[in-house]
Amino acid sequence: MRYLPLTDADRRDMLATIGVPSIDDLFAEVPAAARHDGLLDLPRAMGELEVERRLAAMAAKNTVAGAVPFFLGAGSYRHHVPAAVDHLIQRGEFLTSYTPYQPELAQGTLQYLFEFQTQVALLTGMEVANASLYDGATACAEAVAMAGRITRRNKSVLSGGLHPHYRAVCETYARFAGEELQAQDPAPGGGEDLAGLIDGETACVVVQNPDFYGEIRDYSQLAQICHQNGALLVVIVTEILCLGAITPPGEMGADIVAAEGQSFGNALNFGGPYVGLFASREKFVRQMPGRLVGETTDAEGRRGWVLTLSTREQHIRREKATSNICTNSGLCALAFTIHLSLLGEAGLTRLAKLNHATAVTAAERLAKIPGVKVVNNSFFNEFALRLPKPAAPVVEALAQRGILAGVPVSRLYPERGELADLLLVAATETVTADDIERLAAGLTEVLR
Amino acid sequence: MNEWSQALSRHPSAGDATTVQTISGNRGLQIEEPLLFEQDSPGHCGVDLPEPPSVTSRLGGLDRKRPIGLPGLSEPQIVRHFTRLSQKNYAIDTGLYPLGSCTMKHNPRLNEKMARLAGFADIHPLQPVSTVQGALELIDTLAHWLKTLTGMPAVALPPAAGAHGELCGIMTIRAALEARGDKRSRILVPESAHGTNPATAAATGYSVESIPANERGRVDLAALRAKLGPDVAALMLTNPNTCGLFEDQILEIAEAVHRAGAFFYCDGANFNAIVGRVRPAELGIDALHINLHKTFSTPHGGGGPGSGPVVLAAELAPYAPVPWIVHGAGGFGLVEHDSGDAARSIGRLKGFHGQMGMFVRALAYMMSHGSDGLKQVAEDAVLNANYLRVKLAGALSAAFPGICMHEVLFDDEFLEGTGVTTLDFAKALIDQGFHPMTMYFPLVVHGALLIEPTETESKASLDQFAAVLTGLAARAQSIKTGAGDAASFREAPLLTPRRRLDETTAARKPVLRWRPAPVQQQAAE
Amino acid sequence: MSAVRFTKDHEWVRQEGDVAVIGITDYAQSQLGDVVYVELPELGRQVEQGKEAAVVESAKAASEVYSPVSGEVVAVNDDIVADPAKVNADAMGEGWFIKVRLADPKQLDGMMDEAAYQSFVGEQH
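Residue numbers (the numbering used here), protein chains in the order written: chain A, 1 to 448; chain B, 1001 to 1525; chain C, 2001 to 2125.
Calculated from the structure, these hints are not laboratory results.
Okay, derived cross-link-like pairs now, SDA-like style, lysine to any residue, Cα gap no bigger than 20 Å in a straight line: (1) A/61 x B/1333; (2) A/389 x A/365; (3) B/1113 x A/49; (4) C/2099 x C/2088.
Start from the sequences and build out the full structure, keeping to the hints where you can.
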């Protein structure tokens, strides 16, 4: 077997050195009732060719985004990742290294995580960021928990514009941690009165910008009201590229930012692995979950980096840790860092403009279809269309015609009939004029 | 316990080879590389993008007004930057990585190729289910392998990492107890448990109580029985445990836990020792998380991403988090909401479906090994660890007598009287070209050194590692006769890109990001 | 000023009138290593004998500091918050943590004196 270096001769020698007649003797402490002799009912070992054949057959049964006009977003966005990113992250010293607990042997990992933390802080306009969490949705739940620790309050208000997966994860975590959530109804077009829900028991208000329907808002006033009441403002960002074009949460008075970083460096990957971004005011850093990399010097006075403020974490604080998290999203964070480094300030600005221009063009074209209305006042690269009939069957029909038209809101809110005619459409730099025309033609036909 | 922080202020002795001064500051292939932010060519870019067409802005007047402050570099500079950084890292691809309970086995490159097939990588989680049947088939196939390997009837796939899997498992346990109107408030955890176990229990609203180990390094059954009661929701156990020992009374443990009306959660971090030879279902466990990045070779990536699916007993299955992959007459489907069949689900634990990229890699690994190969994996893992145990018996001090499983635990008794601590010993190992083993964990022995070689180490690799450890131990012993010097250990490592780093200052005055130099300072220069 | 008393968890306490000054012992700081951070209670908080009153952290460990006496926190040492190294430099003096108004001065009776504590520490090894 190609991954097992021991030969039968090695095994014999080693058993002799150990002083037992057979390998079964090394499993002697397993109770007889639990021993499984013989082989389990699964296929036997396969060579690479055979494995490739079988997995490629499964892969071939999927409609690949790059092969068709593609307009899905709703928290996961298709961007072009420069070729250099994937080559660099596959270097063995990045791919197969461990958490940098021995800093002398891990300055590569520690330096790029320090660069990542800096990039996230700069993008979000916040003072400090951690070395990543699992994804945006769990980062959102961690933000709510952190706000609870800081304010020592138990109640949080969730905007109706929050991505339904993020809301659901917050609800799961809160239920078991004994926190109270007031989740608002998911109506597009805003109009919710979040300020009116804040009182002396509120730990935080959670808003998403742009929201689930793509609407962009200024939350500065809400931030002030939160602060007047001793509460924190948590801002969620699901399409991190938008921060290349719009005012960042830090400039609106956010206290904690939890975001999804997938758009930089990471493919759609059917939903994972992704990379959670997490940033806050510096004064809250000791309440932050996840790993933190800090700068220091070595015994020769040279600059270097280490994991720091580790006493927040489970391996030291155990049941009193800020979170049970052990793993971050290392390689995905590296991909993010490399992609964003390649873009730089100029490239990020231009890429964001390109996304917005593509989406504006798409929205204007689709709004011309009879019965179709763009719901949003504002948007970045994703907007909501109101169709003259339920969106899910329309999307299915277009899929049959080889067009992936977007995400019907009913996919995420099946129980809300009033949202059934809404379709979320994202248009990134990977969308061409031809794609837009084909979507428009297909939609026109299906709606007839 | 904290001796390491005392060793940071030593300076190298004069004439040391490591203090050779070069003009560049580089040392041969060890190249100094500044931060990206210190190499900014403003306006520069490593990506060529077309000019965006002019459109009416729909940004609602919330256009970005201030620059972000990101540096601009070209592709050659970026490639060189990250290549140089990579060269400062140790990795499995570099050499043996003996970290206990981490299972640092070879990461097959076939896995990377399969994960990058467009049919897996370039599909969106919310595409119509009819357009992703192959992806759902893959996840369902992986689920089948996990259930068959463990003997358990159900599996929850969403958790993004082992600790996330623990959270999932304990949440389903709590949901099951609440459903039967049973209010329990305590979780029992062995002293030797990994820190995520008590942290998970606390995050799920439970108080944590510790069960001591007996003199054989296993859970003290009598102590466990004494602590069990109608108030205990679950026992969280790792098997083999973090001392590298099989909990040979596990059937009695399971029986006692169940008789008390509690659930038996198993931390699957050490599954590599028993995969294919022992089915956890037959040990009486109710829930077990599996670290795909340990037993099933998905890459550690410098700290993640991981994947921690949880196999579940029938009683817990209804509470599994959504989404569920289901298989009907019309093909594969996704149950994404906690209604209907999934009405009792604990809900959602992360966005979208789970770590698909890690599922592909793990399945490629499983298919490559097959049931015969996986059994050989466990056998070779246990053989390698015992081989090291025996080769090191004279030099290091084993914490517990007798055979071990896939990892072997030593304590610092062999260093007594030398002035060398476990930390110093481990740092000296670095200069020899090896990543240190796990240190100071588990907490049940003093100055622990936990070594897990895994099955992907050759006999020659193990022989070399044993020889180095034996030599270092002898060097430490020679201090007692006046022939050796503890300073050589305390100053280690000497040969790495950085020497020991000041973790005290990093914690006292955290600097967690780069900041531009203040404008006034720049103007003055 | 009365004699210093000690607990098995390596806290010291010294009575000054109706107030107890509390810190961690020199042995404790040497075991902990460089102190990087301390978390002190807010003024006015009620602490209980044997229960957690503060936290002291090194780079790699966090330890609870248990109050040897019950009462109200009337002062906390902001100097050690600003400069945690003071705990290492002078644990028995300038590195004090909190002052508590004694709810029951008799709690100090029966606690170890210096000699008893030193011999207790000797037994730890």
